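Sequences listed follow chains A and B, in order.
Residue 290 in the numbering used here sits at position 290 of the first sequence, and the numbers go up by one each step.
Residue 265 in the numbering used here sits at position 265 of the second sequence, and the numbers go up by one each step.
Rather than coming from a laboratory, the hints here were simulated on the basis of the structure.
Incorrect hints may have been included.
[Said to hold, decoys possible] Covered by chain B, per the in silico footprint, the following chain A stretches (three or more residues, Cβ under 8 Å):
no. : segment
1   : 135-145
2   : 150-161
3   : 259-269
4   : 278-287
5   : 293-306
[Unchecked claim] Straight-line C-alpha distance at most 27 Å; calculated BS3-like pairs for lysine-lysine:
no. : chain 1 : residue 1 : chain 2 : residue 2
6   : A       : K30       : B       : K365
7   : A       : K127      : B       : K365
8   : A       : K128      : B       : K365
Note that the structure is a prediction, hence the values are computed from the model and not measured.
Glycine included, every Cβ here is placed at the ideal spot set by N, Cα and C.
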Amino acid sequence: MYMFKYILKRIGLMIFTFCVIMFMCFVLIKLLPIPISSGLGTDRELIEANLRARGYYDPIMVQLFSYLKRIFTEGDFGIGVNMPGYVNQPVWDAFVSRLPPTVLINVYSTIIGVPIGLGLGIFAALKKNKWQDQVISTLVMLLIAVPSIVYAFLIQYVFCFKLQLFPLMMETGTDYFSPEMFVSMLPAVFSLCLGSIAGYARFTRAELTEVLTSEFMLLARTKGLTRGQATLRHALRNAMVPIFPAILSEFVAVLSGSMIIENIFSIPGVGRLYLTSITVVDYDFFLLLSGFYTLVGLLAGIIVDISYGFIDPRIRMGAR
Amino acid sequence: MENTYENIPKEKFEFADSRDMSHDKKLETKAVGYFQDAFRRFCKNKGSIVGAVIIILLVLYAVIAPFCTPYAVSYNDTYYRYTLPKNELFANTTFWDGCEPRTLNKQTFDYYYYMGEETGHNAVKNQEYTVDNEMYTFRLDSYHSMGCVYLRINEEAYKSIQQYQDETGIQVIYPTIPLTSRPSSSAARNDANYYYRTRVRNGGTEIVYDKNGDIIPVYSTRLATEEATDGYTSRVRIEGEDGFLEDGEVTYYNYARRTDTGYEVRVNYYEYYIYNHTYVLQDGITKPSFLFGTTELGQDIFTCLASGARFSFIFAIIVAAVNLVVGAIYGSIEGYYGGKVDIVMERVADILAAVPSVIVITLLKLHMQGSSTILILFLAFFLTGWIGMAHTTRMQFYRYKNQEYVLAARTLGAKDRRIIWKHIFPNALGTLVTSCALIIPSMIYSEVNLSYLGIISLSSGDLTSVGTLLANGQPFLTSYPHIIAFPSVFLALLLLSFNLFGNGLRDAFNPSLRGSED
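Input sequences plus hints: build the corresponding full structure.
Here it is, written out as structure tokens:
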């Protein structure tokens, strides 16, 4: 029951934070004049008429209500104004069409990254202060300190250009599950998962070494368990308490992806859409995607806190 | 001996302080303060010392390098674009010599080879090559590979070059080619390196060889007895050149072609560059030599990187300082007073912290279109940056505010302000210094990301940033990797060393770890 209350409170707070942020964003955006680029092939009058029909020149509060009303009754988040390829088209459709590559790349990276990261961390913890641990720790430190932009360039140069193992850019098209598409996604996946491998390895090593030195491990060994049994049944389970929430939150965060990686490998994902909406100044896109990113960030945070309670009974009791 | 006194006589007493009383002795070891102790333990950590040394070297590079090179950020040269890194010390090796290995067919190879044959400035390094299966392998010198170019200059400049040639004896201007003998394809027409007969084949320009396999020069010449007609002039040339004999007659080369506005001359660009910088501009550049190569705009990467780094360092330190002050004050108030004040202030901080920084910077950019990028960037980093500091301070206050010594201070009548600043805040200082050291690289990294993504642009005039260099260089990753390599290495080294340094600092400032490392 306490848990339930706690979750409700956290979700309530999250919704409150989200609403405040979005309200500020909305007002700040609507204070600005709407720029309409008069490029080739854009029908300025048509766009303006469309915007007028949607009430984009009304007072801000009126706009806010009609914006919310359209979202909740029709699922309509507005139309593109300057976004190349999406002028006068619903932003929600564009957003949904850009989701699959982002999500796929991040899911692949999580699938590769989590087991390797955990494995390396466990291995390093078991071999603590031996040369294996030293090597892993050095590598992990390197990967964490060196920014992803640098090793993305390195991967692109070495694997895609010099060795020609992968194409330089992601394949175009929407056939996301074809083998060629998968191969062309791999450099981006590697660049993404290197960071998370390092993060998990460091985290797991730290947690596990702490658990391994605790007294109940000694007790388990005195009871006659082998080192492997004790590690697997007692140490690992306890070490997973803080690690598991991190993995869960990573699964939520896969939605947001990395703008840098998407930009380097030209992945037609949400990050690039967001970036384009900023460079061409398209407010409806910007609002929708800002909301999306804020929500994903908040959700990832809240999931860590809540899942702690579910996993660790001690924390659940402590909520009292 | 009988010691049966009723009262101990006076003379039996001695003054205590004259005796050797070891328990009252002053400590002979020096007292070690908090920061002294932290410093001592920091020095024990080898990794962080290495990190600190690298940081110092990088800072020195950023501060000193712009004064050591004659190039400025705004300097650029269209002919020296994509130039490879060259260190004069390595000029005779195959490493860092400004050359790249190439394997080309005979036609393209000869194009480079005969540049050197004419002017002595070898595009093919040392004119050395190996032939294998009709393919020529050699090292192409990026400092000479543009060879000769046609320049249109006025008479004054023409005379100035002539004067320079007379003074130094170095040939800058080479005989010009008559319009009729230039390659007929429009792509090669303005290429001054075709000083020999060519023909068009398969849409490309091909060199025509004579019987012996040599090229056939097609310089514009005239007899010594003739006056310069047809627009070509040889009045200005190397002094003392007496022409050469052709069919028994003294013949001169024509060194320029008259145009409507002046002269069109064919100069060796390497020599022209030296002439232009030492003789005309006198800007301290003695010859083209770029330690880290040049960008796609012809900027010197060594200078740009140093200026970008200097900007990043100064900017990051200022932002970190402002964040530290604001965060410390905010966090102190939150942590000390607690209760409702804390709840309200925490909400505000939470909401601000939940806004992705991209949104903040975009909104600022849209609303402050007239103001400078630096101001926008500063505001954006400030708005999201101080929260971490406030959080750290708050945690420390929660830890210390109910301890006995604080209670004692309050009992003695200390005011809130005194308790906050004199008694509790110094405890938080160590952690704050650490987060300051860690916030600097993260800020540099965000700036790089934002510039790379094109959300902010810091390149204007004498200002550039590491992110701008990376963003501009990325399209040339495959063809000219050096443009992106040096900024990347710099960034990686910087973040790595700050990471080591910060970790060492964090451990050093954590008293609970005292003794555990040994």
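Go check the segment 278-287 of chain A versus chain B for me, would you? Three or more residues, Cβ under 8 Å, otherwise it fails. Per the Cβ count (4), the hint holds.
Given as covered by chain B, does the segment 135-145 of chain A meet the bar of three residues or more with CB within less than 8 Å? Held - the segment 135-145 of chain A has 4 residues with a Cβ nearer than 8 Å to chain B, which meets the minimum of three.
Holds or violated: A:K30 to B:K365, with C-alpha atoms at most 27 Å apart: holds, 14 Å
Whether chain B covers the segment 150-161 of chain A (at least 3 residues having a Cβ closer than 8 Å to its Cβ atoms): holds (count 6)
Closer than 8 Å Cβ to Cβ for three or more residues is the test here. Does the segment 259-269 of chain A pass it with chain B? That given contact holds, which follows from 4 residues of the segment 259-269 of chain A lying within Cβ reach (below 8 Å) of chain B.
Chain B covers the segment 293-306 of chain A, three or more CB atoms within 8 Å, holds or violated: holds (count 5)
27 Å limit on alpha-carbon distance, applied to hinted pair A:K127 and B:K365: Roughly 51 Å separates the two Cα atoms, so the pair is violated.
Would you check the hint for A:K128 and B:K365, treating anything up to 27 Å between C-alpha atoms as holding? violated, 49 Å
Hints 7 and 8 from the list above are not met by this structure, while the remaining hints are.
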